[in-house]
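Going by UniProt numbering, 360 is the number at position 360 of the sequence shown; the sequence numbering is gapless.
It should be emphasised that the hints constitute simulated quantities derived from the structure, not laboratory data.
Don't take every hint at face value.
DSS-like, lysine-lysine: derived pairs with alpha carbons at most 27 Å apart [what the hints assert, rightly or not]:
(1) 405 / 322
(2) 71 / 15
(3) 410 / 347
(4) 468 / 443
(5) 347 / 322
(6) 322 / 37
(7) 443 / 405
(8) 405 / 393
(9) 103 / 15
(10) 372 / 394
(11) 453 / 394
(12) 336 / 120
(13) 71 / 30
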Amino acid sequence: MAKAIKSKSAVPDNKIKLRSISFAQPPFRKLGSLEIKIAPRLTLIAGRNGVGKSTILALIAGGSGLTRGLKNHTYFANLPNANVDEILKLSFERDYVRGEEEKPSALLTYEKEGTQFYKKCNVSGSEERLRVVPRNEPKGPLSVHGTSIPADGKVPIPTVYLGMTRVLPIGEADPASFERRQAEMDQEDYDFYLDFTNQVIGTGIPSGNANVVAQSVKGTKKRAIYPEYQGYDSTNVSLGQDSLSSIATALASFKRLQRTLGDAYEGGLLIIDEIDAGFHPHAQIQLLDQLKSRARQLHIQVIATTHSLTMLEHAHSEINNKKYKGSPQDHIAYLKGGLPIQLLDAKEFAAIHSDMHLRLPTATKQTQPVVKIYVEDEEAALFLNAILTPARKKSINRTANAKLKIIAAKVGCSNLVGLLGADDYFQSVVMVLDADTSGVSAKGATNVVRLPKDPHNPPKQSPEVILKVMCEKLCADVNA
């Protein structure tokens, strides 16, 4: 029996997660000596045309899926799995290699509860039919924390692949091939489906009974569930609405599987080619945000390709937002053209933008970060500004490479401290409380400090009292 490998660095999770897909030598088509990390929640794979993005999606989709069980069917009326040869057109002349050692391959790394295991994928078969079978590496059957992984077969997690046939226009299809019928959807799944849809592109129907139809085109993989629309029916939807219905149907299917499988539900993969197709910029942003939210609820990973700079910029800003603590839940893998295909260092969005437009990257101007310091009121701001002399600010700037900005929140100290638990943003700022707030607990927060006390003043140490006492002393001192 093959052995799984305990990962020391991974965070344990009772669901199965895909961690990466890697290519060695010889290359699989253009892809060699390359590893693409897969994020826990959302991974966007981007790059110019012809760099292998769809090939990567197909290989990922082929590595996992549920292949039997009536209760495992989705709202697409099929089992949640896909085969590489049903997504890619494999070439006997270019993709097939007879010798086992010379075969190009992809290695999929999965993980469950901190234990990693691997599936090796290469092209096998004959000239009549080529296929890609995911095989354990090393060979042999495997059990990972109670989950049986077949030696030659898919990792048993539901996997839904949405290709470009989802946006095949109904009006351009042969009328004889078009099918439309009333469908059934559990009310809980329908509410989930409709809420997701309305958050991206409104249907005009805020809620109601699960009155849905199933539409499909014979001879293609185009099929989805459609809701009611206000003022028109599902045969009149736009390309973007058509795509959205497929994505919503996939999510509702995961919702159903999560409920029906119970403890046997081990997460899943939703794989979408050209995720931005048909959506205007605002809808693209809403779609990403909603997918992240639903992925968290359903314990699935969303992996998609895109050419949309709108989506990439939005995802990039969220991934690199320093106010969020911990490891990023999302990732952008940007593939540079050429031979071999390489990953672009995408720390700066400008590098992605330049490569998309076939321009040389320009040096980005480095701007110093600003650390915001919240105080209770204007009087406290006055005191803190007096304490932070120009020399002290210069020293802080030199040591921390950051500028300071003092903000009077105009709230009491209890409300100010309460903001720490209201939003993660307030973990990235400094809070300075008045000296007379010793009774207010900061609950161990390291970003909360207090103004210094004046040992010559009375116990109540608010800035107003200190100012009053100072003025009284000045008035009493005739030599002042």
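Query raised in the report: Are the Cα positions of residue 347 and residue 322 separated by 27 Å at most?
Result: holds, 13 Å
Query raised in the report: residue 336 and residue 120: Cα distance at most 27 Å?
Result: holds, 24 Å
Query - Restraint status (C-alpha distance of residue 443 to residue 405 at most 27 Å) - result: holds, 24 Å
Query raised in the report: Between residue 71 and residue 30, does the CA-CA distance stay at or below 27 Å?
Result: Measuring from Cα to Cα gives roughly 39 Å; hence the hint is violated.
Query raised in the report: Hey, residue 405 versus residue 393, does the alpha-carbon distance stay inside 27 Å?
Result: holds, 11 Å
Query - Pair hint outcome, residue 453 versus residue 394 [Cα-Cα no greater than 27 Å] - result: holds, 24 Å
Report task. Would you mind confirming whether the straight-line C-alpha gap from residue 322 to residue 37 stays at or under 27 Å? Result -> holds, 20 Å
Query raised in the report: Regarding the pair residue 71 and residue 15, is the alpha-carbon distance no greater than 27 Å?
Result: Holds, because 20 Å separates the two Cα atoms, which is no more than 27 Å.
Query - Agreement of residue 468 and residue 443 with the hint, judged by alpha carbon distance not exceeding 27 Å - result: Given that 27 Å is the threshold and the Cα spacing comes to 31 Å, the pair is violated.
Report task. Assess, step by step, whether the Cα of residue 103 is no farther than 27 Å from the Cα of residue 15, and give holds or violated. Result -> At roughly 31 Å apart (the allowed maximum being 27 Å), residue 15 and residue 103 break the hint.
Query - Restraint check for residue 410 with residue 347, where alpha carbons must lie at most 27 Å apart - result: Status violated; Cα separation ~37 Å.
Query - residue 372 paired with residue 394 [C-alpha distance capped at 27 Å] - result: Distance of about 16 Å is within 27 Å: holds.
Of the numbered hints stated above, those contradicted by the structure are hints 3, 4, 9, 13, listed in ascending order.
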